[in-house]
Amino acid sequence: MAGEPTSKTPMGGVKAFNCRGCGGQVNLLAPGQTLSAVCTHCGAVADLTDDNFKVISKYKDAMTRKPLIDIGTKVKFEGKDWQVVGYMLRMVREFDFYWEEYLLFNPYYGFRFLACAYGHWSWIKMVTDLPISEYKKTHFNYQGNAFRPLTQGKAEVMFVLGEFYWKVHLGDVAFTSDFVAPPFMLSMEAESGGVIWSLGQYVEPKIVADAVGLDIAQMPNRAGVGANQVNRHQQNLKRLTPIWLLSMVLTVALGLFFTARAPKQVALELNYPYPIVEDTLSKEFLIGGGIDNVEIEVAASNDFSNHWLEFGGILHNVTTNQNYELLIPVEFYEGNDDGHWTEGSKSASVVLNQVPEGKYELVSSVASDTTGMVNIKVWRGVPIYSNWIFVLILLTIFPVVLFIKSAGFEKKRNE
73 MAGEPTSKTP MGGVKAFNCR GCGGQVNLLA PGQTLSAVCT HCGAVADLTD DNFKVISKYK
133 DAMTRKPLID IGTKVKFEGK DWQVVGYMLR MVREFDFYWE EYLLFNPYYG FRFLACAYGH
193 WSWIKMVTDL PISEYKKTHF NYQGNAFRPL TQGKAEVMFV LGEFYWKVHL GDVAFTSDFV
253 APPFMLSMEA ESGGVIWSLG QYVEPKIVAD AVGLDIAQMP NRAGVGANQV NRHQQNLKRL
313 TPIWLLSMVL TVALGLFFTA RAPKQVALEL NYPYPIVEDT LSKEFLIGGG IDNVEIEVAA
373 SNDFSNHWLE FGGILHNVTT NQNYELLIPV EFYEGNDDGH WTEGSKSASV VLNQVPEGKY
433 ELVSSVASDT TGMVNIKVWR GVPIYSNWIF VLILLTIFPV VLFIKSAGFE KKRNE
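Position 377 (the sequence shown) corresponds to 449 in this note's numbering; numbering is contiguous.
Bear in mind the hints are in silico, worked out from the structure with no lab data behind them. Because the structure is a prediction, the values reported are computed rather than measured. Yeah, the Cβ is synthetic: ideal placement off N, Cα and C, and Gly gets one too. Heads up, some of the hints might be wrong.
With beta-carbon atoms standing in for the labels, derived distance ranges [said to hold, decoys possible]:
(1) Ala325 / Pro401: 31 to 37 Å
(2) Phe329 / Trp380: 36 to 42 Å
(3) Lys278 / Ile204: 53 to 59 Å
(4) Ala479 / Asp409: 51 to 57 Å
(5) Leu467 / Asn217: 29 to 35 Å
In silico lysine to aspartate or glutamate, DMTMM-like type, Cα no more than 25 Å apart, as pairs [to be verified]:
(6) Lys483 / Glu206
(7) Lys152 / Glu173
(8) Lys431 / Glu356
(9) Lys148 / Asp287
(10) Lys146 / Glu356
(11) Lys449 / Glu369
(12) Lys484 / Glu166
(13) Lys138 / Asp287
(14) Lys197 / Glu150
(15) Lys431 / Asp364
(16) Lys484 / Glu173
(17) Lys336 / Glu369
(18) Lys138 / Glu206
(19) Lys146 / Asp287
(20) Lys310 / Glu276
(21) Lys477 / Glu276
(22) Lys418 / Glu397
(23) Lys483 / Asp364
Can you make the complete structure from the sequences, with help from the hints?
Structure below.
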């Protein structure tokens, strides 16, 4: 997409001429609009501003490359009719990166480019209103979009076919810099002292296939991520984020509301010396308030250290004879190897859900490797934080997956 300035104009009255390289006839598709044309017989590039159609570049070997879209193909884009008048293969040798550019012409709207890089297509037009540079000229703003730098290199012309509005030479090299704001890409090309800016927009292969009259199966497969390909994962993440944040806030608010309403009342408290070899039966106690959860908490005395105990018990409903079996281990260890350390806890508990109200008894036994005092409490209606924390985790899984996929997509774009 580069061109060199010239003071001459194309020979508008000429629609065909004989190639000075091989003598074959060259028919022009955009007479009066292009400055160079490629002979389809030998590949020589002719200067259309020269009265004798001087050859400015020629191939050493016979032409062997055939574009996917033939020169002369009628194309329907942007609701307008275009015709393919030129084809060019370009390469950045530093990255061994190839892409193709098709030059399209409409007598009323001028020229456009249709570029393809490894199955990724862009519709490109030149821009005359220069983008505004930002962040020390590494970023640009254009038409309300913020463009970030992507790649730069030296693009070399490897193959040409058809007509061009500038004088094309095989081996022409232009310094290129690309900036992206998907689905758009700003490209700057500097050659022969001139600078040209263009704006490309990503186009899905199906749209290109329909526009040029090809079957989608004939289109090249997409490899990797296109320079200006839209990151669908990122788009979905942006759409999901407000909903996710609202769901998180509502979950936290409801969690705090219900935990704050939890009565957490002590229905029974016991203090026993341990170990308790034989089962000890408590007095009867009342658990009221309908069906609710019940927490049994076992806590050793403060001097409990580097020992273990195991509480075994049965919460017995006197009215219905329903039993809830309990096993609560308590372990606490500490030491001073390379600094003070601790492991375990001096207390532990279990929560029983859906316990009906009524009269209960607690059968207790405690095994241990030492002696001491143990405190046993039976709580009714304790707040449960794990449920709504679990909901928060579930709500976060999908956004995290989208974030990982989006980051992976962008990593491939920059490879």
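Hints and how they fare:
Remark: the range hint 31 to 37 Å for Ala325 to Pro401 is upheld by a beta-carbon distance near 36 Å. Against the hinted window of 36 to 42 Å, the Cβ-Cβ separation of Phe329 and Trp380 comes to about 39 Å, which satisfies the hint. Between Lys278 and Ile204 the Cβ separation comes to about 34 Å, which falls outside the hinted range of 53 to 59 Å. Between Ala479 and Asp409 the CB atoms are about 41 Å apart, so this pair departs from the stated range of 51 to 57 Å.
Range check, Leu467 to Asn217: about 32 Å between beta-carbon atoms, so the 29 to 35 Å window is met. The hinted pair formed by Lys483 and Glu206 meets the criterion: a straight-line CA distance of about 23 Å does not exceed 25 Å. This hinted pair checks out: Lys152 and Glu173 have alpha carbons roughly 19 Å apart, not beyond 25 Å. Our distance criterion of 25 Å between C-alpha atoms is met by Lys431 and Glu356, whose separation comes to about 6 Å.
Taken as a hint, the Lys148 and Asp287 pair is honoured in the structure, with Cα atoms around 15 Å apart against an allowance of 25 Å. Our distance criterion of 25 Å between C-alpha atoms is broken by Lys146 and Glu356, whose separation comes to about 93 Å. Under the criterion of a C-alpha separation no larger than 25 Å, the hint pairing Lys449 with Glu369 is consistent with the structure, at around 5 Å. Taking the CA atoms of Lys484 and Glu166, the gap is about 18 Å. The hint holds against a cut of 25 Å.
Between Lys138 and Asp287 the CA atoms are separated by roughly 17 Å; this keeps the pair inside 25 Å, and the hint holds. In summary, the hint linking Lys197 to Glu150 is supported, as the alpha carbons are separated by about 12 Å, within the 25 Å threshold. Proximity of Lys431 to Asp364 is assessed by CA-CA distance (about 14 Å); at most 25 Å being required, the pair is judged to hold. As the CA atoms of Lys484 and Glu173 are separated by approximately 23 Å, the hinted pair is consistent with the 25 Å bound.
In summary, the hint linking Lys336 to Glu369 is supported, as the alpha carbons are separated by about 12 Å, within the 25 Å threshold. With a C-alpha separation of about 42 Å, the suggested pairing of Lys138 with Glu206 is violated against the 25 Å cut-off. Note on Lys146 and Asp287: the hinted pairing holds, with a Cα-Cα distance of about 15 Å set against a maximum of 25 Å. Between Lys310 and Glu276 the alpha-carbon distance is near 22 Å, which keeps this suggested pair within the 25 Å criterion.
Taken as a hint, the Lys477 and Glu276 pair is honoured in the structure, with Cα atoms around 20 Å apart against an allowance of 25 Å. Between Lys418 and Glu397 the alpha-carbon distance is near 21 Å, which keeps this suggested pair within the 25 Å criterion. For the given pair, Lys483 sits about 51 Å from Asp364 by alpha-carbon distance, which is inconsistent with the 25 Å threshold.
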